[in-house]
Amino acid sequence: MAEEIKLMKGNEVVAHAAIRYGVDGYFGYPITPQSEILETLMAEMPWETTGMVVLQAESEVAAINMVYGGAGTGKRVMTSSSSPGVSLKQEGISYIAGAELPCLIVNVMRGGPGLGTIQPSQADYFQTVKGGGHGDYRLITLAPSSVQEMADFVGLGFDLAFKYCNPAIILADGIIGQMMEKVVMPPFRPRKTEEEIIAECPWAVQGKTKNRKANVITSLELDPAKMEENNLRFQAKYRKIEENEVRYEEFQCDDAEYLLVAFGSSARICQKVVEIARGEGIKLGLLRPITLWPFPTKAIAAYADKVKGMLSVELNAGQMVEDIRLAVNGKVKVEHFGRLGGIVFTPDEVLNALKEKLF
Amino acid sequence: MELNEIIKPENLVYTKPELMNDNPMHYCPGCSHGVIHKLIAEVIAEMGMEEKTIGVSPVGCAVFAYNYLDIDWEEAAHGRAPAIATAIKRLNPEKMVFTYQGDGDLAAIGTAETIHAANRGENIVIVFVNNAIYGMTGGQMAPTTLEGMPTATCPYGRNIALNGYPLKIGDLLAQLEGTCLVTRQSVQTAAAVRKAKKMLRKAFENSMAGKGTSVVEFVSTCSSGWKMTPEKSNKWMEENMFPFYPLGDLKNKE
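Heads up: the protein sequence lines correspond to chains U and B, in order. Residue numbers are given in our numbering: position 291 of the first sequence equals residue 291, and the series is strictly consecutive. Residue numbers are given in our numbering: position 170 of the second sequence equals residue 170, and the series is strictly consecutive.
Because the hints were derived from the structure by calculation, they are not lab data. Wrong hints could be hidden among the right ones.
[Stated by the list, open to error] Computed list of lysine-lysine pairs in DSSO-like fashion (alpha-carbon distance at most 30 Å, straight line):
| id | chain 1 | residue 1 | chain 2 | residue 2 |
| --- | --- | --- | --- | --- |
| 1 | B | Lys235 | U | Lys210 |
| 2 | U | Lys213 | B | Lys8 |
| 3 | U | Lys306 | U | Lys272 |
[Stated by the list, open to error] Quick list of the computed label-pair ranges, beta carbon to beta carbon:
| id | chain 1 | residue 1 | chain 2 | residue 2 | range |
| --- | --- | --- | --- | --- | --- |
| 4 | U | Pro224 | B | Pro246 | 40 to 48 Å |
| 5 | B | Ala209 | U | Thr32 | 35 to 43 Å |
| 6 | B | Gly138 | U | Ile343 | 47 to 55 Å |
Don't be surprised by glycine CBs; every beta carbon is placed ideally from N, CA and C.
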């Protein structure tokens, strides 16, 4: 079949990708700059076609708990929001991680802290990859840098979430959510039947039948010895994800003397920086983490002996830079450059920062 | 009569419902939860819905409800049970879905989730145990604590100027278009238990008939929290709780 190509906003394509992937339910609450996800789903009326449930919840808190409820029944369920809304979801995310349920969360980041601004930002890196909610847990974090990846990561996010029974999150930003690009639409897949769900998710709450024990979805365990066992099981799973699921992209890194590290829309800007720098004779490369957790620690560490310096380019005050420094463990100078509060840097600003901080 | 004779089915006057398992209950003596659990177990079995029922347990004394009723459960964050039940029911409309919540869970931290699930007319049953106190955390003031009633966080009695009024959340829910049944029951006498069971059954039937949200409030005791004997608790409930939270149907749409 010929490829289906469309011109679409990042937010809109998330909605279409969800319907096409066979998602069972979306639960959300409007917030700029991602409201098009809920709007598009409501306009598409997928309940008439695939049977997908779409519900505007009374709050982000309710929406994430609806996701918990639906995920517990083995269904493919998701929510989306932007930074202040995702803060509200943290309680539910911690419970979902603690109950080991698969689901997809989308955060189209805006500037903070507080109500902040509706302009793009990447200041929720810490919140997303270091926990966010309470307790020792991790989110499989995918950082799209194009509208195409917004589409593709919906399916990838669900695949990884179900593979590991763990929540996955797409960490985008206002630029990726709002910009329009060419996108190859993902194929249509049927929703899972109840029989398939019961076969694939024996833990799913689908009504207790005579041939099995009751299924209980919970994160509660008052016996500390058992709770430690639970935590050790989570940690073993996280190590496995770190081993198997690291994704990143290298751009002109082979002969690089300096390395930019950037994700999401920052990485798109940094591609231009590399081009300009190479035009000036500076051997600059770009490493783009696609998974922010698991972080491409080994890939970055491998450049510690090869380059003279690394610049972490982020739309925040310096968050991912800490993970880069941990990766290289002092072997090479690592600096940060960012703009804050919804301001997006130009390629020239980034190149000047590279020269000032590393040359 | 020999023991073997006595336990023949035709001689039994009472049996434990099949859906109740053998786990020892953690509830205090005199607590209403045990009886309410039993009624739910009986109604589910009598409706033949054992394999289609999903319960959502709260945070509070009934957090471990899943240890006692042998059905599938999801354990909710504090107050969020109606949101969780919303999604379970919408995604699995052929299932029978209920929440089991206390007064703090339902009428304080979970007020938004409760009101909005009920206002959307979600086809779920909300079982609401109102004992006017936080039992699990050791007897603190609840949204439904009566005026003048002492608790750990209002040791000199609920002071309206300081703490506001006790919340008649049942009356509030009855105002919403989405609810089809809001009834206030109790389980301190055999007659009350029989009546409560009838309304519970109606609530579960409503949920499967797609009539909207049914709320069954149980005005209950908390002997430990109230610091009274079970017998005194029942008397105190009848004298103090019932006048403020009168029993009966607040709404019963046919």
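Exercise. How does the Cβ-Cβ distance of Gly138 of chain B and Ile343 of chain U compare with 47 to 55 Å: does it lie in that range?
Worked result: holds (50 Å)
Exercise. Going straight from one Cα to the other, do Lys306 of chain U and Lys272 of chain U come out at no more than 30 Å?
Worked result: holds (22 Å)
Problem set entry | Outcome of range test on Cβ distance (Pro224 of chain U, Pro246 of chain B; 40 to 48 Å) | holds (45 Å)
Exercise. Can the restraint linking Lys213 of chain U and Lys8 of chain B be considered satisfied, given a maximum Cα separation of 30 Å?
Worked result: holds (28 Å)
Exercise. Does the structure keep Lys235 of chain B and Lys210 of chain U at a Cα separation of 30 Å or less?
Worked result: Distance ~42 Å between Lys235 of chain B and Lys210 of chain U Cα, so the pair is violated.
For this session: Could you say whether the range 35 to 43 Å given as a hint is met by the Cβ separation of Ala209 of chain B and Thr32 of chain U?
Result: holds (40 Å)
Hint violations for this structure: number 1 only, all remaining hints satisfied.
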